[in-house]
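Colleague: Chains as they are written, first to last, in the numbering used here: chain R, 1 to 403; chain G, 1 to 403; chain A, 1 to 146; chain U, 1 to 146.
Accuracy of the hints is not assured; some may be wrong.
[As the list claims (entries may be wrong)] Once the Cα atoms are required to be at most 27 angstroms apart in a straight line, the calculated DSS-like pairs of lysine-lysine come out as:
id, chain 1, residue 1, chain 2, residue 2
1, R, K61, U, K117
2, A, K117, R, K396
3, R, K155, R, K366
4, G, K5, G, K235
5, A, K79, G, K71
6, G, K138, G, K107
7, R, K46, G, K104
8, A, K117, G, K46
9, R, K61, U, K31
10, R, K71, U, K81
11, G, K399, G, K384
12, R, K104, G, K107
13, R, K72, U, K117
14, G, K311, G, K384
15, R, K71, R, K296
16, R, K187, R, K205
17, G, K399, R, K46
18, R, K107, R, K46
19, G, K72, R, K384
20, G, K72, G, K235
21, G, K296, G, K72
22, G, K235, G, K205
23, R, K104, G, K104
[Stated by the list, open to error] Label-pair ranges, simulated between beta-carbon atoms:
id, chain 1, residue 1, chain 2, residue 2, range
24, A, P119, R, Q313, 50 to 56 angstroms
25, U, E24, G, E184, 48 to 54 angstroms
26, R, D210, G, T15, 43 to 49 angstroms
27, A, T88, G, E184, 44 to 50 angstroms
28, R, G188, U, E52, 47 to 53 angstroms
[Stated by the list, open to error] Negatives, chain U to chain R, calculated, CB over 10 angstroms:
id, residue
29, L77
30, L109
31, K117
32, P119
For the record, the hints were derived by calculation from the structure and aren't laboratory data.
Just so you know, even glycine gets a beta-carbon here, dropped at the ideal spot from N, CA and C.
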Amino acid sequence: MLEVKNIREDFPIFTERADNFVYLDSSATTLKPQTVIDAVADYYSKYSANVHRSIYSIGEKATAEYEGSRKKVADLINADYHSVIFTRGTTESINLVAYAWARKNLKPGDEILLTEMEHHSNIIPWQICSQETGAVLKHIPFDENGELELSQHEKLFTDKTKLVAIIHQSNVFGTINPVKDIIEMAKGVGAVTLIDAAQSVPHQKVDVQDLDCDFLAFSGHKMLGPTGVGVLYGKPEILEEMPPFMGGGEMIRTVSLNESTWNEIPWKFEAGTPNIAQAIGLGSAIDYINEIGLDKIHEHEQDILTYALEKMQKIPEVNIYGSADERGAVVSFNLDNIHPHDLSQLLDNDDIAIRAGHHCAQPIMKKLGVSATGRASFYLYNSKEDVDRLCESLVKTVKFMGS
Amino acid sequence: MLEVKNIREDFPIFTERADNFVYLDSSATTLKPQTVIDAVADYYSKYSANVHRSIYSIGEKATAEYEGSRKKVADLINADYHSVIFTRGTTESINLVAYAWARKNLKPGDEILLTEMEHHSNIIPWQICSQETGAVLKHIPFDENGELELSQHEKLFTDKTKLVAIIHQSNVFGTINPVKDIIEMAKGVGAVTLIDAAQSVPHQKVDVQDLDCDFLAFSGHKMLGPTGVGVLYGKPEILEEMPPFMGGGEMIRTVSLNESTWNEIPWKFEAGTPNIAQAIGLGSAIDYINEIGLDKIHEHEQDILTYALEKMQKIPEVNIYGSADERGAVVSFNLDNIHPHDLSQLLDNDDIAIRAGHHCAQPIMKKLGVSATGRASFYLYNSKEDVDRLCESLVKTVKFMGS
Amino acid sequence: MDDLKDLYQQMILDHNQNPQNFREMENATSKAEGHNPLCGDELTLFLHVENEMITDVSFLGSGCAISKASASIMTTLIKDKTISEAETLFEQFHSIITTGKSNGDMGKLAVLAGVYKFPSRVKCAVLSWHTMNNALHGNTNLTTTE
Amino acid sequence: MDDLKDLYQQMILDHNQNPQNFREMENATSKAEGHNPLCGDELTLFLHVENEMITDVSFLGSGCAISKASASIMTTLIKDKTISEAETLFEQFHSIITTGKSNGDMGKLAVLAGVYKFPSRVKCAVLSWHTMNNALHGNTNLTTTE
Ligand SMILES: Cc1ncc(COP(=O)(O)O)c(C=O)c1O
Ligand SMILES: Cc1ncc(COP(=O)(O)O)c(C=O)c1O
Ligand code: FES
Ligand code: FES
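With the hints as constraints, model all of the structure from the sequences given.
Modeller: Written out as structure tokens, the structure reads:
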């Protein structure tokens with residue numbers, strides 16, 4: 001187990017909000033360590049210049065830090081430096097692929113294979129894309145454990161399958177999907193693959209070369225970094241072939257009134273003044289994570305998860321959704337007859353923050369037959385005491401609501 | 001004149017970099033006051049939660065601050081709250097219109113009218129859009145003063161003109177274009193109008209109702225705010241009719257596996273976790289600007305500009321580009337036979353930061369017959385002494401380079 | 001915790017557990033949908049109006065206790081009232097929820113006064129009322145509390 | 001300012017003002033384009049190679065003093081050299097620019113040692129050399145210093 005007490009000292013919110021604040025919503029967005037906050041503030045207060053083409057010292061420093069962060073991201077996921085594109089977040093990363101890759105490469109009758117447990121960010125871009133290209137959406141179903149049902153894979157992966165876009169770790173069930181196998185199946189039929197790694201990169205080692213995926217997307221704010229920055233990884237040879245997404249400064253090589261040529265990758269895909277401070281902050285978050293060690297963080301979370309599942313299951317009114325063998329530290333649940341929004345309000349009164357809602361996964365809710373669930377998610381700053389506090393409050397809530 | 005000494009105390013970079021740092025690159029990005037840096041840090045250290053649908057106190061606070069910033073933006077430009085969309089910056093704002101409005105509304109033969117003095121961000125999106133829709137690009141020329149040449153307007157504004165997208169203040173010449181007249185001409189032929197206000201909103205009062213434009217775009221980082229946030233204003237009735245741009249969380253009302261419905265405006269256009277800290281920081285920047293007063297800032301800049309033009313013109317080797325009557329505090333220039341990148345390097349040695357390059361306006365460079373220019377731009381923290389320092393260094397550079 | 005008890009008063013908890021008129025209505029003369037964009041919860045309201053009289057009212061939906069109780073209480077209050085009486089109730093409700101103050105003749109509505117201290121929950125309480133008000137006035141667009 | 005004088009040595013300023021072989025070449029046997037993405041500057045290099053011998057070399061472009069001087073010096077050094085001699089020069093140049101150290105037999109190249117202290121200007125100095133190296137090896141894709 002990590003020394004949570006020491007870790008919590010790195011996160012100023014625990015000083016701000018009194019030490020016993022229990023934050024169980026890291027799947028939505030994580031808390032931020034002081035080093036990340038400082039890295040952002042440093043940029044603004046010491047070298048707040050625009051990047052690229054600034055031939056003065058603070059501009060050169062800004063460029064070096066911004067591009068240095070790209071290197072840190074590349075190292076984290078074992079990617080080539082040129083294959084790392086900064087975006088606003090997972091959502092923009094996926095939309096970039098939907099606009100710049102899919103619209104050029106898909107035609108009527110082609111199939112896009114998703115799963116039934118995608119986040120809205122990996123659903124809507126493909127619905128819109130399907131309307132525009134005539135490509136058809138297919139879905140890998142999940143079973144009552146919240147695990148993908150791959151026995152029918154020969155029906156799902158066919159010649160028509162041109163893109164397989166799947167969530168790595170479910171933000172509802174916690175299920176860690178067998179993405180490596182799925183990528184293999186996709187390659188078997190010649191499909192391009194996109195991994196929504198928003199919930200995996202922050203919590204476990206993800207190696208794009210080992211996975212051999214074509215695209216991978218994640219968000220900075222879910223891994224101790226700033227809001228407003230995310231990453232799209234793409235295989236260089238695919239990125240080279242793609243037209244740009246947005247047009248503007250930075251992404252060009254030459255411009256005349258009626259015609260332009262593009263910059264090299266990855267800059268071809270970064271139009272306009274980038275999210276400089278945010279990318280730098282993400283680099284600092286990666287430093288922090290590396291210092292503690294992703295493996296240790298993962299192990300720590302697994303310990304808490306086991307403890308939480310055990311303890312929560314003992315409360316008779318608690319219903320947990322999802323019981324995959326391989327899973328991350330996310331627990332979705334409901335209390336009998338209590339709307340999760342009320343639950344969340346009552347827990348807040350005890351200084352416990354959980355998420356309540358559809359978790360941007362309405363199709364899962366529909367299949368489960370609920371309108372919303374509560375969700376507790378854990379990260380390196382959580383401890384077993386947090387689980388104890390949660391469980392106490394759950395029992396209290398049941399009593400208070402008289403259900 | 002503003003009390004520059006007091007103002008500089010609000011900007012920590014002047015303490016960091018020694019008091020005599022001369023920053024003349026605000027057109028690229030501005031320095032940041034401590035209040036903005038604090039507003040961002042406060043979000044990260046006190047209430048770093050995701051917005052909307054978080055039913056616990058720090059989440060509610062984050063939502064209130066994020067939406068509160070939208071209100072501040074709306075008030076600044078005299079717009080309806082629902083017509084303000086947060087983007088990454090001007091570039092994304094313009095691309096949003098190019099994707100979500102133009103692709104649905106333009107057909108082969110339709111005309112998009114730009115000017116010859118646009119920033120790449122208001123060129124490339126329309127080149128790409130023109131390739132996809134078959135619409136044709138036309139350009140209002142500029143004359144030797146760097147002013148738009150509108151005498152031929154009857155040839156330019158025709159039944160075919162469907163969109164008029166123009167820069168409010170030139171980032172090269174400083175020219176403030178007569179956008180109100182141009183919007184009127186556009187309305188005369190039934191065209192939709194977009195104003196690239198990246199260089200105007202930070203420096204003068206811009207009132208979208210008075211202008212009566214359909215769209216207006218600007219960036220936070222050019223007005224004392226964070227990187228990674230910008231604004232697209234759109235008339236509500238037009239936004240209502242537009243399909244979304246990116247798909248993902250937040251922008252939906254209902255989602256099923258194959259079909260979705262959209263959230264109301266402006267959220268329909270904000271997919272995924274937004275740039276929360278950045279929007280909050282922009283709100284704080286607007287507070288700071290309002291406290292000093294946009295009118296006073298504008299007046300202050302004009303004083304410096306007059307002084308700078310006078311003084312720079314006295315250096316025989318200086319060639320200034322642009323001499324519009326109505327102009328902002330931006331001076332593009334070259335020194336005889338000295339490449340602006342060398343100039344910028346030498347000025348940096350005297351702690352003076354100017355920009356050197358094509359300023360994302362290669363078509364202007366081409367028309368001027370230069371590959372790049374130097375550019376000094378001024379903001380509220382600059383003083384006449386900064387101009388003196390610049391001019392001294394220019395003279396020194398001429399001597400050093402032996403030209 | 002005291003504020004919280006004001007929010008979740010016993011009568012609210014009761015209405016939440018046993019909501020009144022929580023059902024579909026086959027012969028509704030008007031039907032309207034409400035949506036709380038802050039949480040995503042939805043509500044459908046059914047009205048049967050004859051000769052300016054609300055002869056039946058019911059609702060369905062997926063809201064929290066506050067929204068459910070508020071809707072439930074509303075249905076019991078406006079049933080068998082005239083449109084203009086319902087409008088008066090709507091105004092009383094609005095005044096309570098935005099000021100936190102009720103006076104003697106507001107009856108059951110008073111239990112909603114505690115919501116006032118929770119700005120983010122005000123929308124929960126308001127959802128059914130706004131939807132009803134829109135339905136009464138023939139506005140069948142989606143009602144949102146935003 | 002001392003570092004700056006190392007960067008802009010007199011010989012560099014001279015080559016900048018009077019660049020050698022700054023012209024187009026009609027009968028080039030190879031031609032290559034270089035681009036510095038950091039500043040947007042571009043350079044075109046022309047080579048005339050016969051029997052493994054560089055019989056003529058020239059360039060055009062819009063670079064800064066460093067890039068212009070570096071290109072100009074390069075042309076004077078590789079003219080009338082064999083390809084393998086030019087390759088040796090390229091290696092010497094590379095070692096100077098990346099270490100800041102030159103030794104006795106590096107001649108004129110030594111003036112470029114000062115660039116080493118300005119990492120962002122290294123690309124200016126390198127542009128022409130990389131473009132030349134690519135052109136020699138038949139690689140006529142755009143050379144970039146990135
Ligand atoms: C006139 C103008 N338009 C657009 C932009 C692009 O803004 P951003 O880079 O913040 O997207 C700029 C700034 O570079 C500008 O000066
Ligand atoms: C699995 C998954 N995919 C995508 C997203 C979207 O990320 P963002 O909102 O940062 O764009 C999230 C987070 O909400 C997520 O959990
Ligand atoms: S939380 Fe959704 S209506 Fe109350
Ligand atoms: S600054 Fe462009 S080549 Fe030197």
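Colleague: With reference to the structure, classify each hint as holding or not holding.
Modeller: Verification of the supplied hints:
no.: 1; hint: R:K61 / U:K117; in the structure: holds, 14 angstroms
no.: 2; hint: A:K117 / R:K396; in the structure: holds, 22 angstroms
no.: 3; hint: R:K155 / R:K366; in the structure: holds, 24 angstroms
no.: 4; hint: G:K5 / G:K235; in the structure: violated, 40 angstroms
no.: 5; hint: A:K79 / G:K71; in the structure: violated, 39 angstroms
no.: 6; hint: G:K138 / G:K107; in the structure: holds, 15 angstroms
no.: 7; hint: R:K46 / G:K104; in the structure: violated, 44 angstroms
no.: 8; hint: A:K117 / G:K46; in the structure: holds, 22 angstroms
no.: 9; hint: R:K61 / U:K31; in the structure: violated, 35 angstroms
no.: 10; hint: R:K71 / U:K81; in the structure: violated, 39 angstroms
no.: 11; hint: G:K399 / G:K384; in the structure: holds, 23 angstroms
no.: 12; hint: R:K104 / G:K107; in the structure: holds, 19 angstroms
no.: 13; hint: R:K72 / U:K117; in the structure: holds, 24 angstroms
no.: 14; hint: G:K311 / G:K384; in the structure: holds, 10 angstroms
no.: 15; hint: R:K71 / R:K296; in the structure: holds, 23 angstroms
no.: 16; hint: R:K187 / R:K205; in the structure: holds, 22 angstroms
no.: 17; hint: G:K399 / R:K46; in the structure: violated, 31 angstroms
no.: 18; hint: R:K107 / R:K46; in the structure: violated, 50 angstroms
no.: 19; hint: G:K72 / R:K384; in the structure: violated, 42 angstroms
no.: 20; hint: G:K72 / G:K235; in the structure: holds, 17 angstroms
no.: 21; hint: G:K296 / G:K72; in the structure: holds, 19 angstroms
no.: 22; hint: G:K235 / G:K205; in the structure: holds, 19 angstroms
no.: 23; hint: R:K104 / G:K104; in the structure: holds, 17 angstroms
no.: 24; hint: A:P119 / R:Q313: 50 to 56 angstroms; in the structure: violated, 36 angstroms
no.: 25; hint: U:E24 / G:E184: 48 to 54 angstroms; in the structure: holds, 49 angstroms
no.: 26; hint: R:D210 / G:T15: 43 to 49 angstroms; in the structure: holds, 47 angstroms
no.: 27; hint: A:T88 / G:E184: 44 to 50 angstroms; in the structure: holds, 49 angstroms
no.: 28; hint: R:G188 / U:E52: 47 to 53 angstroms; in the structure: holds, 50 angstroms
no.: 29; hint: L77; in the structure: holds, 27 angstroms
no.: 30; hint: L109; in the structure: holds, 24 angstroms
no.: 31; hint: K117; in the structure: holds, 12 angstroms
no.: 32; hint: P119; in the structure: violated, 8 angstroms
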